[in-house]
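Given the sequences, and given the hints that come with them, work out the whole structure.
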Amino acid sequence: MSIEASGKPRVGLFATCLVDLFRPSVGFAAAKLIEEAGCEVHVPLAQTCCGQPAYNSGDTKDTREIARQVIEVFEGFDYVVAPSGSCGAMLKKHYPDLFKGDAKWEARCRRFSNKVFELVSFLTDVRGMTGVAARLDKSVTYHDSCSGLRELGIAQQPRQLLSTVEGLKLKEMAGSDVCCGFGGTFCVKYSDISATIVSKKTATISATGADMLLAGDMGCLMNMAGKLKREGSAMEVRHVAEVLAGMTDNRPIAGSGK
Amino acid sequence: MQFTAPQFKQNAARALVDPQLQKALNNVEKGFIAKRAAAAAALPEFDALRDNGRDIKNHTLAHLDLYLEAYEAKVKEAGGQVHWAEGAEDARQIVLDICRRTGARTVTKGKSMITEEINLNEFLEAQGIEPVETDLGEYIIQLRGEHPSHIIAPAVHLNKEQVEEDFRRVHTHLPASRDLTAPETLLAEARQVLRARYFQADIGITGANFLIAETGTSVIVTNEGNGDLTQSLPRVHIVVASIEKIVPTLEDCSQILRVLARSATGQDISVYTTFSTGPRRDEDPDGPEEYHVILLDNGRTAMLGSEFQDMLRCIRCGACMNHCPVYHAVGGHAYGSVYPGPMGAVLTPSLFGVDQSGHLPNASTFCGRCESVCPMRIPLPKMMRHWREREFERHLNPATARYGLGVWAFFAKRPKLYRSLTGIGARMLNMIGGAKGRISSLPLASGWTRHRDLPAPEGKTFTEQWAARQAAGKGA
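If you read the sequences in order, they're chains L and X. Just so we're aligned, residue 1 is where the first sequence starts under the UniProt record's numbering, counting upward by one. Just so we're aligned, residue 1 is where the second sequence starts under the UniProt record's numbering, counting upward by one.
None of these hints come from the bench; they were simulated from the model. Errors might be hidden in some of the hints.
[As the list claims (entries may be wrong)] Think about it this way: if two alpha-carbon atoms lie no more than 20 Å apart in a straight line, the pair counts; the simulated EDC-like pairs of lysine to aspartate or glutamate are: (1) K100/L - E464/X; (2) K61/L - E391/X; (3) K8/L - E65/L; (4) K93/L - E371/X; (5) K436/X - D249/L; (6) K61/L - E464/X; (7) K436/X - E231/L; (8) K61/L - E389/X; (9) K35/X - D177/L; (10) K30/X - E172/L; (11) K189/L - E391/X; (12) K23/X - D125/L; (13) K115/L - D125/L; (14) K93/L - E389/X; (15) K32/L - E464/X; (16) K416/X - E72/L; (17) K189/L - D355/X; (18) K413/X - E75/L; (19) K9/X - D192/L; (20) K30/X - E307/X; (21) K189/L - E389/X; (22) K460/X - D249/L; (23) K200/L - E29/X.
Nothing here was measured: the structure is a model prediction, and the numbers come from that model.
So this is what it looks like as structure tokens:
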């Protein structure tokens with residue numbers, strides 16, 4: 001462990017391509033939370049994407065090249081944290097599969113992957129955070145993003161932290177663990193099927209009557225926010241990190257209002 | 001059935017705008033999920049049984065040749081016959097030979113996906129032999145000239161009004177004034193009509209949920225008792241089963257039975273679980289005079305030792321499709337093949353070639369719910385991804401998608417270029433999004449904006465802003 005003079009663990013923040021491009025505020029919220037959890041935050045500028053679009057399209061050669069690049073950029077940190085269950089699972093669970101039997105990279109990748117965590121599970125499971133110092137006088141509903149839920153076991157952790165946000169009321173939706181229909185390139189390749197799936201999702205979201213929709217993955221959030229706005233919903237949509245960090249003054253995802 | 005997997009997109013488009021189908025699919029989504037969840041919750045050792053089932057199947061597949069030989073010997077010992085069929089055509093021919101030799105005109109059938117796989121009904125009809133489906137769901141779709149849309153609930157895509165219409169159309173010997181509004185009356189009528197057919201049949205054909213090597217036994221699970229009548233009343237019983245149905249012992253079979261019905265319908269166990277070993281013995285009060293097992297390969301051995309071997313653990317419970325958001329949206333017929341849903345997305349390319357079935361493993365969000373409920377713990381998304389790899393290697397995916405991916409990967413591997421490009425992209429999209437913060441139409445992203453708004457970027461990228469703050473010495 002290369003703990004610096006500060007005595008704090010060094011965290012490499014893997015911002016994810018969607019946060020980098022579409023929602024920088026999530027990156028800043030994540031950085032704030034990681035610092036509150038007693039860590040030093042570093043953002044290597046050589047990061048691009050975890051490689052999922054190539055991986056899920058069957059292009060393992062490019063995926064390996066991208067994975068090696070991510071490992072090289074991030075392996076020097078004590079922890080690697082991503083504000084996304086999907087990218088987190090890619091780095092943690094799928095990268096090791098890519099280098100199975102590779103004499104040079106298998107062990108190196110394993111060491112790297114062991115240090116990777118999704119943001120909320122890092123705060124709670126690794127850093128032992130049990131509450132946050134944030135306030136939000138609104139009712140929220142929380143969508144369990146598939147990868148975070150089923151590949152990393154994230155379900156109770158965000159709810160636990162949200163329950164400590166002063167003024168916040170959690171209104172659970174029916175089937176919070178049902179896919180929103182994003183699925184990476186699926187939503188574009190099978191656009192009509194994806195639209196039907198997200199319509200069912202927005203119906204259950206709207207039925208909660210909550211003021212705000214939260215989730216831990218930008219892909220799902222952009223999909224659900226885009227559909228809610230197309231349907232004329234006034235519901236605010238945000239990444240859970242923004243609420244936990246108390247950073248909810250900026251424009252919600254896909255804008256505010258109808 | 002007609003193989004329409006290459007037209008998956010067109011099939012799906014039709015299904016999405018079929019209000020009757022959408023209503024029926026809603027019932028699948030609601031009913032099966034809650035029932036499985038309750039059954040699993042009520043059994044503390046449910047997950048341990050899943051591990052156990054996986055281990056039993058893995059062991060069997062590792063020694064499949066030995067168990068198949070042992071099974072064959074036991075069937076012969078019990079007075080039955082085993083026929084080996086490499087492909088669909090071989091299996092059909094073996095059935096036909098038995099029909100011809102015994103002079104059969106009518107064949108009753110228990111529900112069997114494997115006979116769907118080999119298109120047995122169409123074949124028999126063409127040979128002048130009448131196949132009669134005896135499972136209620138199968139009977140209904142046979143009247144309609146359709147095929148199953150679900151492996152355990154073949155007519156799940158229909159409602160009772162449609163069934164009433166079909167019964168009135170076909171059962172013309174019954175009074176037109178009869179009341180068929182309640183499901184019970186429909187059931188009673190089907191039962192009455194089918195009763196006569198059991199006695200007419202010369203041969204009964206069933207599938208098998210399990211074949212037991214230890215005893216040479218075939219096992220079927222049903223909820224209607226039609227399977228028992230199908231296999232015990234006619235003079236000849238033919239079991240058609242694929243080779244991976246084998247388990248070593250009776251004990252192994254009963255272990256896996258504990259997760260089968262719970263995963264499928266949420267029942268502790270199916271209403272009938274019937275074990276058949278050989279033909280009728282002298283002291284038996286009933287049973288067939290001849291007992292035949294047709295062991296079908298049809299591509300299975302090619303899966304052994306490949307990255308698709310785990311798929312051979314499948315026990316056809318249907319839990320994956322019951323929990324699949326894509327299945328809920330388009331239904332079983334859209335998949336254009338015998339096996340729909342996630343299990344079909346893996347199995348169909350194995351059986352019919354990925355060049356023909358490429359849509360199926362691609363039409364998945366990889367949400368992983370199928371794997372999370374699979375009683376045999378089959379890593380379905382992972383195997384769909386393997387099919388995508390095979391497609392990519394063979395350049396079977398569309399050129400535009402390939403090209404787009406190539407361009408994206410080129411930049412993703414060059415961080416500096418990538419950063420300057422995303423920096424420009426973020427500003428442009430932010431501008432287009434304007435004060436509303438969203439884009440309702442973007443020609444290059446029409447796949448997205450046809451159905452939803454595109455959230456606009458906030459302005460500069462995160463890495464740009466972070467770098468600027470670091471440079472200004474402000475930190476986070």
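Here's how the hints hold up against the structure:
1. K100/L - E464/X: violated (35 Å)
2. K61/L - E391/X: Holds, at roughly 14 Å.
3. K8/L - E65/L: Violated, at roughly 31 Å.
4. K93/L - E371/X: Given pair K93/L, E371/X holds - Cα atoms ~15 Å apart, limit 20 Å.
5. K436/X - D249/L: holds (16 Å)
6. K61/L - E464/X: violated (29 Å)
7. K436/X - E231/L: Answer holds: K436/X to E231/L is near 15 Å, not above 20 Å.
8. K61/L - E389/X: holds (10 Å)
9. K35/X - D177/L: Between K35/X and D177/L the Cα gap is close to 17 Å, so the pair holds against 20 Å.
10. K30/X - E172/L: holds (18 Å)
11. K189/L - E391/X: Holds: K189/L and E391/X sit about 15 Å apart, inside 20 Å.
12. K23/X - D125/L: violated (42 Å)
13. K115/L - D125/L: Holds, at roughly 13 Å.
14. K93/L - E389/X: Holds, at roughly 18 Å.
15. K32/L - E464/X: holds (17 Å)
16. K416/X - E72/L: Status holds; Cα separation ~16 Å.
17. K189/L - D355/X: Judged against 20 Å, a Cα distance of about 18 Å means the pair holds.
18. K413/X - E75/L: holds (17 Å)
19. K9/X - D192/L: holds (9 Å)
20. K30/X - E307/X: Between K30/X and E307/X the Cα gap is close to 33 Å, so the pair fails against 20 Å, i.e. violated.
21. K189/L - E389/X: It holds: about 17 Å lies between the C-alpha atoms, which stays within 20 Å.
22. K460/X - D249/L: holds (18 Å)
23. K200/L - E29/X: holds (11 Å)
Violated hints, listed in ascending order, are 1, 3, 6, 12, 20; each of the other numbered hints is respected by the structure.
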